[in-house]
Amino acid sequence: MGIKDIVSEFLRFKSGLIGVFLLLIIVGMAVAAPVISDEEAGYRWYDIEWWTEKNIPKGVPPEWVGIIEGREYASTSEFTYRIPSREGYRFTFNISYDMAADVPPSDVILYINVSKAEGAADEEYIVVMNIYRPDGTSLSRVLDLTTAAPLAKITLSTDEKARSTIITFMKKYDPENFEDITSRGLTNVIDVVKILFSEAQEDVLLEKAPPLKGEYKFEITLFRRSTNVTFNEARLVVLGSAYGIFGTDSFGRDIFVGIIWGARIALVLGLVVAIVSVLIGVVYGTVSAYVGGWTDEILQRIQEFAISIPLLPLLLILAYTFKPTIWNLILLLIVFSWPGPVKTIRSMALQIREQLYITAAKAVGASTSRIVLRYILPQILPYTFALVAFAVPGAILTEAGVSFLLGAQGTLEITWGRILSDAERKSAVLTGMWWWVLPPGFMIAISGLAFVLIGTALDRVLNPRLLR
Amino acid sequence: MAVVRYLAFRIVNALIILFLVLLITAVMMNEYVEDQIRTDIRERAYQEIYRNPQYAQWTEEQKQRAVQERIKFYEQQYGLDQPYHIRVLYRTVDAMMFNFGNAMVLKSAGGSPVVSDIILEALPRTILLFTTGTIVTIVIGILLGIKAATKVGSLLDRTISTFAMFTYSLPMWWVGMIFIFYFSYTLGIFPSGGMVSIPPPEEPMAYALDVLYHLALPLIVFVFVNFGGWSYATRSIVLNVLTEDFVNTARAKGVPERKILYGHVLRTASPPIVTSTTLAILGSIGGAIITEAVFNWPGIGRLFYQAILNGDMPVVIGLTYISTFLYVFAILALDFAYALLDPRIKVGVGGGR
Numbered sequence: 007m008g009i010k011d012i013v014s015e016f017l018r019f020k021s022g023l024i025g026v027f028l029l030l031i032i033v034g035m036a037v038a039a040p041v042i043s044d045e046e047a048g049y050r051w052y053d054i055e056w057w058t059e060k061n062i063p064k065g066v067p068p069e070w071v072g073i074i075e076g077r078e079y080a081s082t083s084e085f086t087y088r089i090p091s092r093e094g095y096r097f098t099f100n101i102s103y104d105m106a107a108d109v110p111p112s113d114v115i116l117y118i119n120v121s122k123a124e125g126a127a128d129e130e131y132i133v134v135m136n137i138y139r140p141d142g143t144s145l146s147r148v149l150d151l152t153t154a155a156p157l158a159k160i161t162l163s164t165d166e167k168a169r170s171t172i173i174t175f176m177k178k179y180d181p182e183n184f185e186d187i188t189s190r191g192l193t194n195v196i197d198v199v200k201i202l203f204s205e206a207q208e209d210v211l212l213e214k215a216p217p218l219k220g221e222y223k224f225e226i227t228l229f230r231r232s233t234n235v236t237f238n239e240a241r242l243v244v245l246g247s248a249y250g251i252f253g254t255d256s257f258g259r260d261i262f263v264g265i266i267w268g269a270r271i272a273l274v275l276g277l278v279v280a281i282v283s284v285l286i287g288v289v290y291g292t293v294s295a296y297v298g299g300w301t302d303e304i305l306q307r308i309q310e311f312a313i314s315i316p317l318l319p320l321l322l323i324l325a326y327t328f329k330p331t332i333w334n335l336i337l338l339l340i341v342f343s344w345p346g347p348v349k350t351i352r353s354m355a356l357q358i359r360e361q362l363y364i365t366a367a368k369a370v371g372a373s374t375s376r377i378v379l380r381y382i383l384p385q386i387l388p389y390t391f392a393l394v395a396f397a398v399p400g401a402i403l404t405e406a407g408v409s410f411l412l413g414a415q416g417t418l419e420i421t422w423g424r425i426l427s428d429a430e431r432k433s434a435v436l437t438g439m440w441w442w443v444l445p446p447g448f449m450i451a452i453s454g455l456a457f458v459l460i461g462t463a464l465d466r467v468l469n470p471r472l473l474r
Numbered sequence: 091m092a093v094v095r096y097l098a099f100r101i102v103n104a105l106i107i108l109f110l111v112l113l114i115t116a117v118m119m120n121e122y123v124e125d126q127i128r129t130d131i132r133e134r135a136y137q138e139i140y141r142n143p144q145y146a147q148w149t150e151e152q153k154q155r156a157v158q159e160r161i162k163f164y165e166q167q168y169g170l171d172q173p174y175h176i177r178v179l180y181r182t183v184d185a186m187m188f189n190f191g192n193a194m195v196l197k198s199a200g201g202s203p204v205v206s207d208i209i210l211e212a213l214p215r216t217i218l219l220f221t222t223g224t225i226v227t228i229v230i231g232i233l234l235g236i237k238a239a240t241k242v243g244s245l246l247d248r249t250i251s252t253f254a255m256f257t258y259s260l261p262m263w264w265v266g267m268i269f270i271f272y273f274s275y276t277l278g279i280f281p282s283g284g285m286v287s288i289p290p291p292e293e294p295m296a297y298a299l300d301v302l303y304h305l306a307l308p309l310i311v312f313v314f315v316n317f318g319g320w321s322y323a324t325r326s327i328v329l330n331v332l333t334e335d336f337v338n339t340a341r342a343k344g345v346p347e348r349k350i351l352y353g354h355v356l357r358t359a360s361p362p363i364v365t366s367t368t369l370a371i372l373g374s375i376g377g378a379i380i381t382e383a384v385f386n387w388p389g390i391g392r393l394f395y396q397a398i399l400n401g402d403m404p405v406v407i408g409l410t411y412i413s414t415f416l417y418v419f420a421i422l423a424l425d426f427a428y429a430l431l432d433p434r435i436k437v438g439v440g441g442g443r
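For the record, the sequence lines run as chains S and X. According to this note's numbering, the residues represented by the first sequence are 7 to 474, in order. According to this note's numbering, the residues represented by the second sequence are 91 to 443, in order.
None of these hints come from the bench; they were simulated from the model. The beta-carbon is built from N, C-alpha and C at its ideal position, and this holds for glycine as well. Any given hint might turn out to be false.
To be verified - Just a sample of chain X residues kept apart from chain S, beta carbon distances all over 10 Å, derived:
1) Glu165
2) Pro261
3) Glu347
Unchecked claim - Pairwise CB distance ranges (calculated):
4) X:Ile114 - S:Val274: 23 to 33 Å
5) X:Pro294 - S:Ala106: 52 to 62 Å
6) X:Leu277 - S:Asp186: 18 to 28 Å
7) S:Trp56 - X:Ile279: 34 to 44 Å
8) S:Val274 - X:Ala342: 54 to 64 Å
9) X:Ile114 - S:Trp56: 35 to 45 Å
10) X:Thr333 - S:Val37: 42 to 52 Å
11) S:Ser433 - X:Pro294: 16 to 26 Å
As the list claims (entries may be wrong) - Distance condition first, Cα-Cα at most 35 Å in a straight line; then the derived DSBU-like pairs of lysine-lysine:
12) X:Lys197 - S:Lys432
13) S:Lys200 - S:Lys219
14) S:Lys432 - S:Lys214
15) S:Lys178 - S:Lys200
16) S:Lys329 - X:Lys197
17) S:Lys122 - S:Lys219
18) S:Lys329 - X:Lys237
19) S:Lys219 - S:Lys177
20) X:Lys241 - S:Lys20
21) S:Lys432 - S:Lys159
22) S:Lys349 - X:Lys241
23) X:Lys237 - X:Lys162
24) S:Lys20 - S:Lys159
25) S:Lys60 - S:Lys329
26) S:Lys368 - S:Lys10
27) X:Lys197 - X:Lys162
28) S:Lys20 - X:Lys197
29) S:Lys177 - S:Lys223
30) S:Lys329 - S:Lys432
31) X:Lys237 - S:Lys349
32) S:Lys159 - S:Lys223
Sequences and hints are given; from them, build the entire structure.
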C-alpha cells in the first residue's frame, strides 16, 4: 500500500478528518503564538512583575461572557491629564469616568509622573484624591499619601488608606454586616473597588448591592514643597471587569496567551515522545522477533521489566531529583514509553518472519540487519503511524499530570498542566474562576481527541488484522 | 510439571522486577535518606551527652569527644560506615522486607511515624474510593458494551463510541476540578473535598453516611471518565466473537438470540474481559495520585503527593514499592489463573503473555 492509497483511504473516514481538523487548529495556535501574542510573553509567563506592568485586570472572565449573560462588563479605560506647569504648590484637577457597565471595573490605578530640577535631590510630594459618586455622595481623602517616586503608582484595591476610607464610607449604610465582618477579621477580603461602584445600601459590604451607574468624578490634588518638583501628568487607569478570549488569572496573566504557548510544548512533547518511543519499540520488537532464541528471551524480560515500572511515581521522584527541563521530561517519558508497542510489533514481526520471501532472502544470504531493515521493518512501518497517534495523548496527559503535581518545582515552560496547577493552588475552582480551569483542560482533551481520531482512522486503514 | 516450572519462572521474574525498581528508587533517594539519618544521629548524640546530668561536670572538650564517639557508634549501627554500594543494597533489601523505617515529616493519624503504619492507614481509603469505582465502572461498562454490540450502528452504539473516544484523553483530575466547580461551588450539593466533615460526626452510622456523602462526587467522576472505554472495549470483543462461524451455526440451528449471546458469545468473549477486570481491580489499589490530590482524598495517592512535596523519602520509597508490588502481583495472579485454566500455556522461549 503506497502513501497515496493510505491518504485516499484515510480521507474516507469522517472521524479521521475531524481529527485532522482539530489538530490543524492546535498546530495553528502553536505556530501563531509569537505572532498573535507578545513574543516576550513566551518566556515571561512566570514573571509576575512583567504582567503587572501591563495593566491587565486580575482574575476577570472572558469578554464574551457579557454577551451570553446579557450584562455589560466594564472595559479598561485610561484617562491622561497633562498637568500645566505653573507657579504655586497646589494642583487640583478632575478626571471623570462614566460607569455604564452592569459589572463594575475591577480596579482603579493612579499614576503620577513627576520630574525634578537638574541636580536636585528626590523630594517628597503629596497625593490626595476625593471621589464624587453619581448619587451625590462623596468620599474625601480616599488617597492621602506622601511619596518621592518619579512615577508613583497607586492601586486602589490594595492601598490601605483607600480601603479603610471606602469601607468606613459604606459602614453607615450597612452597619450590621460591618460588625459581622470586622468581628470575624475579614475586612481585608472585601473587594473595595466593587463596592465603590455599587449603590450605597444594605448588604453593600457583602458585595451584593447593585452597581451604581453614572459619572464618577475623581478629584486629584497634588502638593509640592518646592518648585524643584514638576508634575507632568496624571494617568487614571480603570481596569475592566472582563478581558480577552479566555479571561485572566489572579496574577493578571492573559490565559489565552498561556493556552497558545502551551500548545507548542504539548505538541512538541507529545510528538517527540511518541515518535521516538514508538520507533525504539518497533526496532526492538522486530529484532527480538526475528533473531529469536535467547536474544528474544532476554529482550522480552527487559521489556517486561521496563513496562512494570509504575510511571508517575518514578517520574515524580526523578523530576524531584533532577531539575526538570522540558527536554529532561521528554527523555524520561521516552525511557518509560518505548516498551508499550513492543509486544504488538513482535507478534507482527513473528508472522512476517515466516513468510516465504524472508526465507528466500535468507537463502540468498542476506544479512540479519538487511533482512530486518529492508524486508521486515517496511512491512510494519505503516502501522506505526497509528501507534504514534495513539501514543501522543498518553504523553501529553502524563506531562500535564507531572506539571500539575510539581507546580513551581516543574518545568519553566508554559504548559497546560502548569496553568491548571496554578489554578488549583489559587483555588480557582472554589472562587468560581471557571475560565482559568476550563480552557487548559479542554485543550488537553481536544489535542488527545485529535490524535485518537486520527489513530483510529489510520488503524482501520493500516492494521493488517482489520483488512478484509 | 511444566506448569510448576512456568509459575516458578514467573515468580522469579516478578521478584527481579521488584528488586530492580526498588534499587533504582534507593539509588536516587539515598542521598536524601542518609542526610536525614545523619542529622538525626547528631541530634541524638548531642542530647545524650549534653542533657545527661552524669556528664554535667565534664569539660567542653570531653563532651565533644564523647559526642563524636556516640555519632560513630550510631553510624556503625545504621551501617553508614559501609561502602556506598553495600548501603544502597541494604536499603533495597530492607524495603523489600516491608521495613521502610520512620517517616521524616509525615505521621499517621495516631501520631505514628512508622512508614508502614502511615501507608496502612491510607490504603483502605484508596480501596474504598477506587476499587468501588472500578467495580461500578466495569459493571456499567460491560453491560452497555454488550448492549451496543448487539445493536451495532444504533444511536446507543454510536453515542458510546464517541463518548469513549472523548473520555480516552480526558484527564480524570481535570474532570474532578470541573465537577467540584459545578456540583460543589455552583450547586452546593456535594462537599468540595476530603473524606469526612470537620469535625467528623460521632455516631458510627452518621460517620458512615458522611463518608458516603464525601465519596459520591469523586466516585461519579471516576465512573464518568472510565466507563466509556470499558463499554467500547467490551463492544469490540463481543462484536469480534459475533462474527465467528459458530454463531452463524447456532443461529442456523435456531438457537434463540438471547441464548446465543449469553450461552455462546459471552463465554468465548470472557477471557480478555476477565483479564482486564482483574488488572483494573488490582491496579485500583494504587489509587490515582492527582485525582486524590484534587479531591483531597486522604488515600495512597495523596500521601505520595504529600511525601514528594515534603521530601519525605522513606514514605516515597515505601509507596513506590507498594504500588510496584501491587502491579507485579496483579500480573502474577493472572499468570497463575491462566496457567491453571489454560492448558496451552507452557514455559519456554517466547512463552509469556
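Verification of the hints:
1. Glu165: Holds, because the least Cβ-Cβ distance between Glu165 of chain X and chain S comes to about 24 Å, which exceeds 10 Å.
2. Pro261: violated, 6 Å
3. Glu347: holds, 25 Å
4. X:Ile114 - S:Val274: 23 to 33 Å: Distance hint for Ile114 of chain X, Val274 of chain S holds at roughly 27 Å.
5. X:Pro294 - S:Ala106: 52 to 62 Å: Check passed, 59 Å falls within 52 to 62 Å.
6. X:Leu277 - S:Asp186: 18 to 28 Å: holds, 26 Å
7. S:Trp56 - X:Ile279: 34 to 44 Å: holds, 41 Å
8. S:Val274 - X:Ala342: 54 to 64 Å: holds, 56 Å
9. X:Ile114 - S:Trp56: 35 to 45 Å: Taking Cβ atoms as reference, Ile114 of chain X and Trp56 of chain S lie about 40 Å apart, which means the hint holds.
10. X:Thr333 - S:Val37: 42 to 52 Å: holds, 44 Å
11. S:Ser433 - X:Pro294: 16 to 26 Å: violated, 32 Å
12. X:Lys197 - S:Lys432: holds, 26 Å
13. S:Lys200 - S:Lys219: holds, 12 Å
14. S:Lys432 - S:Lys214: holds, 23 Å
15. S:Lys178 - S:Lys200: This hinted pair holds, its Cα atoms lying about 17 Å apart.
16. S:Lys329 - X:Lys197: It holds: about 28 Å lies between the C-alpha atoms, which stays within 35 Å.
17. S:Lys122 - S:Lys219: Violated, at about 39 Å.
18. S:Lys329 - X:Lys237: Violated: Lys329 of chain S and Lys237 of chain X sit about 50 Å apart, past 35 Å.
19. S:Lys219 - S:Lys177: Measuring from Cα to Cα gives roughly 20 Å; hence the hint holds.
20. X:Lys241 - S:Lys20: holds, 21 Å
21. S:Lys432 - S:Lys159: The given pair, whose Cα atoms are some 26 Å apart, holds under the 35 Å limit.
22. S:Lys349 - X:Lys241: holds, 32 Å
23. X:Lys237 - X:Lys162: violated, 70 Å
24. S:Lys20 - S:Lys159: violated, 56 Å
25. S:Lys60 - S:Lys329: holds, 30 Å
26. S:Lys368 - S:Lys10: holds, 31 Å
27. X:Lys197 - X:Lys162: holds, 28 Å
28. S:Lys20 - X:Lys197: violated, 55 Å
29. S:Lys177 - S:Lys223: holds, 21 Å
30. S:Lys329 - S:Lys432: holds, 24 Å
31. X:Lys237 - S:Lys349: The hint holds at about 31 Å.
32. S:Lys159 - S:Lys223: holds, 19 Å
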